[in-house]
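Asker: Residue numbers (this note's numbering), protein chains in the order written: chain R, 8 to 526; chain W, 528 to 1126.
Don't read these hints as lab results, they were simulated from the structure.
Any given hint could be a false lead.
One side of the interface only, derived from the structure: several residues of chain R facing chain W at Cβ under 8 Å [claimed, not checked]: (1) L173; (2) G217; (3) L221; (4) P231; (5) W235; (6) G274; (7) S277; (8) T393; (9) A404; (10) G411; (11) V412; (12) V415; (13) V435; (14) M439; (15) G443; (16) D517.
Listing some non-contacts, in silico: residues in chain R with all C-beta distances to chain W over 10 Å [as the list claims (entries may be wrong)]: (17) R108; (18) S331; (19) S493.
Where is the CB? At the ideal position from N, CA and C, for every residue including glycine.
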Amino acid sequence: MSIVEMNFSAIAPLLTLATAALLVLILDLILPYERSRPWWYAVALGGILLAGWYTLSLWSSGAATSQAVFGGAYSLDRFGLLFGMIVLSAAFLAVLLSFFRKERDVSGYLALILWAAMGMMVLAGAGNFMTLFLGLELLSLSLYVLVAFGERDTKAKEAGFKYLVLGSVASAAMLYGLGFIYGQTGSMDFTALIAGWSDGASTLMQVGVGLVVLSFAFKLALVPFHKWAPDVYQGASAPVTAFMTVGTRAAAFAGLTRFLLAVVPQGETSLLVPLWALAGLSMVVGSLGACVQTNVKRLLAYSGIAHVGYLSLSFLGLSDQGVSAGAFYLMAYLFMNLGAFAIVVWLSRNGQEGESLEDLAGLFRRRPVLAGTMTLFMLSLIGFPTTAGFSGKLIIAAAALSSGVGDVAAWLVGGLAVTTAISAYAYVKVIMAMLGTSEAGMEVRRENLDAVEVAVAAEPTQETRDSTGTPIQPRMSSVEIGYSWSLALVVAVCVAGTLYLGLMPRVALDLATNLLPMT
Amino acid sequence: MESTTLVWIMLLPLLGSAIIGVGRKGLSRNAAGWLGSLVVAVSFVLTLQAMGQLPATGVPLRQSLFVWGQSLPFELHVGLMADALTLWWLLVVTGVGFLIHVYSIGYMADDKGFARFFAELNYFIFSMALLVLADNFVGLLVGWANVGFASFLLIGFWTEKAEARAAANKALLINIAGESAMVVALALMVREFGSLAYAEIFSQASGATPGIVTAISLLLLVGIVTKSAQLPLHTWLPDAMQGPTPVSALIHAATMVTAGVYLVIRAFPLFSASPVAMQTVAVIGALSALFGAIVATRQFDIKRVLAYSTMSQLGYMLMGAGVGAYAASAFHFFTHAFFKALLFLGAGMISHHLSGEQDIRKMGGLGRQLPFVYWTFLAGVLAISGAPGFAGFFSKEEILAAALHEGHVGLWLIGVVTAGLTAYYMARLFILIFGGEASETESNHVHRGRGGVMGFPVAVLAVASTLSGLIAIPGITQVPGTYLAPVFARFGHEAVHVDSFGFPVILVLGMAAIGFIVGLKLFGPSGQGRARAQRSLQRRLGGPVANAFYLDDLYVWGAASIGRWAKVGALRVQSGFVRRYALTFFAGFAAFVFYFLLL
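One chain only, chain W, in its complex shape (with noise of 0.2 Å):
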């Protein structure tokens, strides 16, 4: 069905994206905000409005854009294109996107770079929003490789710190290595497909050469594995935490790390089209939720537990889709999204409270104090770990199900010792904050009465991430699945589904309690942990944990190692006498001589 809004949706962030940015020295800092804010709340209206339109037989809504060219071996005609998977993203990424603007003006309202802000919060929104509504790769390419600088942008938002930099610096190298890899995806399939629109490559994938259909699906899992933070590629998302923590929670967590998980679910005929690349994909998402999972459990900033928390949470996202269950994980997308958000809202909240501080060491005792942050934050620890009733609990199990079910025993089993890990660690980082005594970390007394600005968003998150899982009961209700089945009956495909959790329930509720309480125990007021993590507060921490296992420090030395050896080669090389330069191009001129007499 044709429509004429969707394109509406993304360039309306985009204009006031150009209005903020270029009149930000004339703009009022209300004004910015409040036009940053509007115009995404416009595009969440049109979001619904567009979930209206759509038929219930699942013909998605088009429109047409403009041809990208027709004199090659392929034609392609550049549109927009919104069926319910779509829409499913955009009304998570506009609804989030809007509150998160909103409270970004009361959390950045102190910042002088505040118009600049909202400009690129605003372009952020637009790049997301065509990389979901793209109905053709290079479309996705574009939007997905603009999200990556958007949020290179919002790391290094305060460019003067140097380590905000180099956060920015390495989130961009990662995302464009992935997006090296996703070109020649595409390239092979325009060999293997003569097309690069969805519609063609999607009927036509289940007949394809086995071979290609899998170096394509392994290709573009580089890109989703860079961009959703997934082993062996997320090491950038903990330094991305250098980022203002609206960022953090809006891209960081929320919408566009998940990007990778909508781009699985997006390209199903093509993955699915290759049991190979499925079971990577499954692999590498349980890998990743245990690995992230294992690591929060020695962070000590609050930020950096939440991104390995995020890293744990989208690898069940990966392993949902990996196992088939397509519409459990759009559905944990969506829980997700608003406890994230939720949480890092609240530790935003938290440490503007501690003029900054991020050491859940130095806190403690904020209950009192901040009686508002600590009911909202607990729903969210509820949510995420796994609180029968909350949100988070339905979309987790039913992934956990549906691996169960597919007879993935060994994914399923390492969801659940991570699902115990989740509510460890939550626990661990809920009770160093609230509980206990207040440490003499000085609260910010200056920081003004913004409460409603920033308490609105929180509040609406902490309700969703109560309430948003009751959409789904098993035997009950099922929106998720019953909206997306038409997304994958246009390719005659299923999406994994289980009707009950039946027994298997009891094992991971058990772990998660078991989780829970060790957490409370160990860093509660009188817990061990919590005493030795004070202590641990002079030193930096040993151990491979606490280091997340030196991965990074790999790369680092790894590529330090190359730039040295390059730059004593080039200087070897690269003389400046001109008879050196003569004599490598006689040695290149006996090789082609040689080369020619002997053909």
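Same shape as in the complex, but just chain R (with noise of 0.2 Å):
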């Protein structure tokens, strides 16, 4: 084996990602906390958006079309790029949504989630195991302390501790259908897999492309391997969860599209089968689960887990299209499932987010335009037509149609036009929540609030010193945020896509078109 070339600008959007990760520790480390915070925000913020600007130069430069890098380890083609580009978008909103966490270490979470978004960005242009699985570790593991993160937040703890035990499990089916396959093809380039079929006697590689197949369910949360996305979903801190919701499944679809279009020979269509059902099954249970929960980021796990099952719809046929639908599904996901957090995160009271359907009562009173936003964002998961969840729809759902299989694209678009009537019900809950006026005990509690904030405010008590006897600040304004330009920013950012991709998506839909040059 020659050695491998080293193409470092190939790869440049990676290191940037690592060097700001690694800064924001070091500033962490010689700057007093007071001092250095600001610039942990400041060097995640351009570590991204330098991240973006190599890739967006990348994909204009016309690298996308030169392939395959480091000895077949990394493609740089314009599906690995525009996934990229989402994991990254997605990244750079959930450190916009994270301004107002206040734990001490925060420098640490930032670093992780800019690891994490370097291992989506890795596995969404895989070209072997190793990367492959490189990965996907990467991403898992900063995730699982992403999950976690949390001053005594005991239920972000459990979150974690939950998405760890079951996340090894999925790696370990992943290891050993990766394992399967190479005992079969002896070769870990995708390139090369294609090969193991043609020896007759394949159930090695069968197997292994079905623990493959699993383990990116489990991470895309796919019916029946979700259960752990409620929990975890609810559990996590609400830009953790944006930020999971979107860019593992980004990375997750990204990688499992470039493992079956490697895998699957043309028209083999029997490998592509438990997708389908999982695909159908996650529709039906997302869409009821949504239907019964009382909790917003509860109702967004359920609603994701219908979502990544309408995503699936394209791997039908495996086909240009029914992937460029894919793709654009998830940019339309993007906006209107981080603008739902970001609503949550600018509810939020006393550190406490607004996550219940509580806190949201009478909300067009108090706060008519972030009522009207979460409003849109709503209607758009529905897939109301002038928003992106529409256009998403219908596109996804043509290409399913077009797949060549038949009966069965016939039998999901069904699917998911009868669960996207139910799930209206779960999003519509919302709304109503917002439209009614606030409950009785709403008031109650906010007057407390008031009256808290004012007593705080006259005259420190014994209750609010510590042991030194220093007084305490509220942890936050014991009412809701009231201005943020950060928050402003994430939702001001998400409405123009929601509604520009609903509207006019032909910039995007131009984006998400001749990912597959691979085939």
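Dock the two chains into a complex; use the hints.
Answerer: Structural data, given as structure tokens:
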């Protein structure tokens, strides 16, 4: 084997993310907390922007057509770069959402977001088993910690633990599967996998494919490998959940697509059948599950399960059209989902996220603009025409029906329509809560909070001093966050994206086509 | 022909909505109300101007806007298109829309959400204009969904009322169900025609795979049934009466609910390419007409009577479209918009007078107190009952005659029975409100002297309800037929049309006359029905008719059962124990390995 050519410009986005993460940690070490804290965020955001700029220039310089680098380990095609951009956007918005974190060690948290994003990009561009697994583990390990992040937040700890335990099983399945396939083909490169079928006896190959698909299904939270998702998404803080729901899904979708394209022979649909079954199950379970929730984060977790079911319709024909539709769907999901989480962060009180329907009660009276944007995101998650959700569903349904698998496509698209109608109940419930009057209990709670605030402002009492006698500042203003430019920016971007993709998605569609020169 | 003004017909109301919505705290009531009305008036004038520009050859006016997508398997250039059908609808949307805006200035005068009301009303006009102006199915669906959302906002306008919120919720959910079926229809169009533009789809429709065209039409029909409140998905419309009365008049009678009829006529090349779909449209229409009329006979809320009546009249329109009498159907939409809006606005004046009372059993003797409402309401009653010479007579008879002409005797019979029932329940409504002695309900004297601003629209609509039928007297005039003919000729079609009603019209008139007289007798000052009705005030009405055959209860029960089941299931499955989760994981794991081993 010849020495691999080191093409650093090809992985400039990855290097940027890694360096930015280290820089954040170093800043924490050398500067005092108060002075360095703003810089952590600046470096993290700057790093993501720079990585995005590198990605864009790789895209436009035509590197996108120059295929593989590092001896085929990493692919620089339109497909990988586009998913890289989706991941970077999710990471950027997630960092903006994290401005309100009060933890002392938030530098580590930011570094982990950057590393997780790096892992996702590696996965999206994987060219052989090594990079595939490397990317998957980098993102998983970072996310285990991110989920559990939070001072004395036992729910987050529990969520992190659950994710770690079950995620390890999924990783083991992945390793097994990759091992089986390697045993059959003797190669780790995606380009050489298809040969594994030629020997006739291919049981190893089949089970290997099955295990890898299963492990991706876990990361995507497809039913029945979804059960960690509601608990983990609810337990983790909203910025982390927002990042995970979009970033992990984009990366896992990209990785799975690459793997399937490499391993599934043309027209061999029997290898895809389990995925179709999971897609159908996910739509049903996700929609029904969302309907019975009273916690917005949990509701969005179930909604995510249903959406990943819709997304999986792009595996029907595994065609260029299907993959493009999936990529477009993820862009739509990025905006509408992150937007909804931004509102959850915005409605935080006393460091508690505004995640219960009670917190939303009467929002149209109190904060009409916030309520209006939340309504838009909910409608988009339904798939309401004028919003991104509609274009996404239309394009993915059209691709599914044109995929040439006939009856299965018809059934699954029918399932899409029926479960859309069912899940509407869940999202409209959120809108109705905002439209309704604030419940009586809500009013009482607000008055109490105001009273507390007045008391704190007037005279520090015994309860508000810590053991050394210094007054404790309220961790956050005891009512909702009034106005914040970072949240406003996230919401504005998500509103614009949701409407743009819904009304004139031309540019996004152009980006999402011809993703598969690699076949 | 290229036009530059089409876009303003819809953008002006949107602009109005934005200005009033954003500036609702700063704008005075008069400013908000009149600005809202003015933009709709300008849209109306622009519509008239576009009618003038439309070439006699029937080539539609066009305005291209932007490229929606070009790198898909299909290209979509989004634009607007106005042919005779579009303008026909726009005329009513902006015309009646303007009148109802003006009426609302008076009706909503004391409401604290006055400016918000006009912002939402303008938003509705924008959406409805987009719906009829679109030259492709994406634009249509965007308008379609937004009229639904405007309707949601306006039904739930009084957000502090729990019933209003529940009604809004139901309307939105049912409409979304319809839209999700339509999304699949659009996806099928992409597959079959490789396009979503009207022109391309309609010109290929007759040569397409029959099964697919039927599937597309039936999926669209699901949306149509929800939007036009037809069986079996009509249950949101009676509840929608929780909204302010001008909303019921504009959205839930004159315009939005007719969007379904518009779509059947607009997409007639698709529907007519599938006999199954046409048959289904006609049958659903006829059954809904009968159902609505039957249920209306035992309602006591003035607006619920009118709501079921709307469902029934929409049924007539769909039946007409289903038998191929597109122009007759569009004509009935035209006259119905006038007389039903008139009846609703009259109902609004009555309940204003009675401090919000809507139960017709508590009314009576209002003829002397409200002579203006009495006479205008009478015009509406006669028009909807099909009294000869009034608007509803010509349009309804034309649909029935066309059904008979096409050999649909069964549908025709249903239509005739419905005509009799219609006359009956309208007579009942009328005489309970205006006849007999005044009941003890206090009239509302605090109500300000807004007579003019509310009276003017009512007077205009009363005149239109009386006279608008004259544009299509068989054998003499046939404005709708001639005006709309190019729409159908473009795709090589001709709407079914009859030149004379002939002998069967006597049967219809006889039925209607009997119904009317029975209604007047039973519920007149000394009628038995009136006495029985007043006795029933104390208890909830039983019986399948009064409860609309329990369909709504059935749906509510069904949804609640599914919800309960899902909740129990979710709690049991999602127990929170990681070992249970692992167990499910391994079950899935085993199934996966098993499948791939045996592959």
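Asker: The structure should be examined with respect to each hint, and the outcome stated for every one.
Answerer: Hints and how they fare:
no.	hint	in the structure
1	L173	holds (6 Å)
2	G217	holds (3 Å)
3	L221	holds (5 Å)
4	P231	holds (4 Å)
5	W235	holds (6 Å)
6	G274	violated (15 Å)
7	S277	holds (6 Å)
8	T393	holds (5 Å)
9	A404	holds (4 Å)
10	G411	violated (10 Å)
11	V412	violated (12 Å)
12	V415	violated (14 Å)
13	V435	holds (6 Å)
14	M439	holds (5 Å)
15	G443	holds (6 Å)
16	D517	holds (5 Å)
17	R108	holds (26 Å)
18	S331	violated (8 Å)
19	S493	holds (24 Å)
Hint compliance for this structure: hints 6, 10, 11, 12, 18 are broken, all remaining hints hold.
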